[in-house]
Amino acid sequence: MRMCGARILVECLKAEHVDVVFGYPGGAVLPIYDVLYDADIRHILVRHEQAAAHAADGYARATGRPGVCIATSGPGATNLVTGLATAYMDSVPVIAFTGQVATNWIGRDSFQEADITGITMPITKHNYLVKSTEDLARVIKEAFHIATTGRPGPVLIDLPKDTSLGECEFVYPTSVDLPGYRPTYEGHPKQIKELAKAIAESSRPVLYVGGGVIWSGASEALKTLAELCEIPVTTTLTALGAFPTGHRLSLGMLGMHGTGYANLAVNECDLLIAVGARFDDRVIGDPATFAPKAKVAHVDIDPAEIGKNVRYDIPIVGDARTVLESLIPQLSPMKHPDWLAQISEWKKQWPLTYRRRQDGIAPQYVIEQISDLTDGEAIITTEVGQNQMWTAQFYKFKKPRSFISSAGLGTMGFGFPAAIGAQVGRPDRLVIDIAGDGSFQMNIQELATAVQYKLPVKVVILDNGYLGMVRQWQEMFHGRRYSATALEHNPDFVAVAEAYGAKGILVQTEEEVRPALERAFAEPGPVVVDVKVAREANVFPMVPPNSPISKMIRGDES
Amino acid sequence: MKHTLSVLVSNRSGVLARVASLFSRRGFNIESIAVGVTEDPAVSRMTITVIADKATLEQITKQLHKLIDVIKVSDITADERVDRELALIRVSADSSNRSDILQIVDIFRAKIVDVAEKSIIVEVTGDESKIDAFVQLVRPYGLMEIARTGKVSMVRGSK
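Chains as they are written, first to last, in this note's numbering: chain A, 3 to 560; chain B, 619 to 777.
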């Protein structure tokens, strides 16, 4: 059938089973919005394009399906940049469509022109400038394939206005032809055998798992492996929920603000099995002293991750789940009583704890209450900083796709629009953004979106009137010189929420915390809970940057 | 150590920018890069010379592979191969020294491709060291301008 580019776009989205897009209109995407007007696809109008990218990201992380966002040319497109960089760092399948000036105006500094394919080259898995309507269906087919296979990632498609308006015959391709793109799913049998042998010979093994476990759906296989060979499991920030926090073999998160026992276990282990993790600097501290006694096995679908930051002994390129499922039958049940006894000892020495305070509500207490009230079953998004680290430490995650946070890029302002996207994708789940007063203000305008679409997202602000994590570093490493970290003129968050038509609840004492949260979670619409917490609480334990992760600062929180 | 990479890429607009952007973003150094179409018009070959240690070279190769438009990356450093580069060199020359320069040109089997009143342009083809040697020898006469193509390579023998 003959149709215009904009209609081809919408038909392609339907063929890819996309039922919702997050976007913001503008001149160069008018033809697309004209088709969306009565199309069978839900459009969520955000209030800033950055939020469209984050919402698509949150949708993808909550559902496992690709998230789609649309923005116009120039500033619309550049506003997506932070969101795409966020998705790229955490390997999230996001498809971004941007408008572009008509092809005859490209390169002439036209109104609202920006070279968005040039700009996003290093922060997308791939991108396209589609100069001809004939190419559009093939490009969209390729984009979805690239975004969702191998190591997932964002793909941007730039659409000049005449590509959207031009007409051609529409046929959706059934396959892609990408000779340069063939991800490896099956691990090399010889290497897998090597890993099985290493596990059989190990007396102090540790599984170190990352976001790849969630994207490949390897949680069940991971649990089987851990239990079969009694291997303790530590997760990265993105992998929280991949292994239940309450499990006897769980070590929680490792790294800069990881648990003392996870860091010590990694430091002392004789076999480190990394699965779908990328040895980020916040995890390994000092690359030269990371897991110094261990043989390192690294399973990852992206060959470039293997050996990028640390040495390796057993490299396995492949999909986490596929590799684990071929590994398990080669293993016999094992017990490591001495190793687990040692870990229990560390758990006693380094309990994950905090102190009640004279100067206000302990922020960790708020997280504990949220965890308890939701029984670890909510979808939790966070902003970035102390709120994020306390959530990672004190919320007891049970399932994959329950924790959504900007881990790699560390994007403040991510949590709230991501929560909106997650709620759109999972209307059945309670979605809570655990925020800081700084981060929340970076995308506070999305209250309008939540209210307009009746999305019952809850925002719990751990309000300390500071950019808390930066202030903590200033306290620890810059002689308490709190340069530009006090937020002196915060708005009345309750009043702001109410002004947007959401509900606001103020919490000033510890006794009010639980009832306020209960009330908020029972509300059918969006709620902002402003919890005034102790102003100078810190996140501990802490490994100073570039230090061995065994050298933790205990701090004053226990 | 110096390595020669032979990289097959899809012949699409922007692919050179993707490769160049990758090198600069990851902090890898390109010593030279030459690009041209292959026997298949949909595919181009890039011959890239890099100076890198073993670990960096492994990263360069793997990161190049991640680009969707990159079809194949081969490190041909250790292979028996033919390396060629072409240079155009303008040397200042007048009647007093022209014959001296011509002698050098002759020895290097180079060619004079332009003669003017006070200068000549020489075309030299060979591997990098040959071109470097030629440049060094004519430098005393007054080196005015150099344009080098960058190296292209091909593995010897039947494929």
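Everything labelled a hint here was simulated from the structure, so no lab data went into it. You may find that some hints are simply not true.
Within a straight-line C-alpha distance of at most 27 angstroms, the following computed DSS-like cross-link-like pairs (lysine-lysine) qualify [as the list claims (entries may be wrong)]:
#, chain 1, residue 1, chain 2, residue 2
1, A, 505, A, 456
2, B, 680, A, 297
3, B, 729, A, 310
4, A, 350, A, 401
5, B, 729, A, 297
6, A, 456, A, 225
7, A, 398, A, 553
8, B, 729, A, 143
9, A, 225, A, 199
10, A, 192, A, 143
11, A, 225, A, 195
12, B, 769, A, 192
13, B, 736, B, 680
14, A, 310, A, 553
15, B, 729, B, 748
16, A, 401, B, 748
17, A, 143, A, 133
18, A, 337, A, 297
19, B, 680, A, 310
20, A, 349, A, 310
21, A, 310, A, 295
22, A, 553, A, 534
23, B, 748, A, 192
24, B, 672, A, 295
25, B, 672, A, 192
26, A, 192, B, 729
27, A, 195, B, 748
28, B, 748, A, 310
29, A, 143, B, 672
30, B, 729, B, 684
31, B, 620, A, 143
32, A, 553, A, 295
33, A, 310, B, 672
34, A, 350, A, 310
35, A, 192, A, 398
36, B, 748, A, 133
37, A, 16, A, 143
Computed footprint of chain B on chain A; a stretch qualifies when at least three of its residues, placed anywhere within it, have a C-beta under 8 angstroms from a C-beta of chain B [said to hold, decoys possible]:
#, stretch
38, 212–226
39, 411–417
Yeah, the Cβ is synthetic: ideal placement off N, Cα and C, and Gly gets one too.
Okay, the hints, checked on the actual structure:
no. : hint             : verdict
1   : A:505 with A:456 : holds (12 angstroms)
2   : B:680 with A:297 : holds (23 angstroms)
3   : B:729 with A:310 : violated (47 angstroms)
4   : A:350 with A:401 : holds (26 angstroms)
5   : B:729 with A:297 : violated (59 angstroms)
6   : A:456 with A:225 : violated (37 angstroms)
7   : A:398 with A:553 : holds (25 angstroms)
8   : B:729 with A:143 : violated (52 angstroms)
9   : A:225 with A:199 : holds (19 angstroms)
10  : A:192 with A:143 : violated (35 angstroms)
11  : A:225 with A:195 : holds (20 angstroms)
12  : B:769 with A:192 : violated (39 angstroms)
13  : B:736 with B:680 : violated (50 angstroms)
14  : A:310 with A:553 : holds (23 angstroms)
15  : B:729 with B:748 : holds (14 angstroms)
16  : A:401 with B:748 : violated (65 angstroms)
17  : A:143 with A:133 : holds (16 angstroms)
18  : A:337 with A:297 : holds (19 angstroms)
19  : B:680 with A:310 : holds (10 angstroms)
20  : A:349 with A:310 : violated (31 angstroms)
21  : A:310 with A:295 : holds (19 angstroms)
22  : A:553 with A:534 : violated (32 angstroms)
23  : B:748 with A:192 : violated (46 angstroms)
24  : B:672 with A:295 : holds (24 angstroms)
25  : B:672 with A:192 : holds (24 angstroms)
26  : A:192 with B:729 : violated (56 angstroms)
27  : A:195 with B:748 : violated (50 angstroms)
28  : B:748 with A:310 : violated (37 angstroms)
29  : A:143 with B:672 : violated (38 angstroms)
30  : B:729 with B:684 : violated (42 angstroms)
31  : B:620 with A:143 : violated (40 angstroms)
32  : A:553 with A:295 : holds (16 angstroms)
33  : A:310 with B:672 : holds (12 angstroms)
34  : A:350 with A:310 : violated (35 angstroms)
35  : A:192 with A:398 : violated (37 angstroms)
36  : B:748 with A:133 : violated (44 angstroms)
37  : A:16 with A:143  : holds (12 angstroms)
38  : 212–226          : violated (count 0)
39  : 411–417          : violated (count 0)
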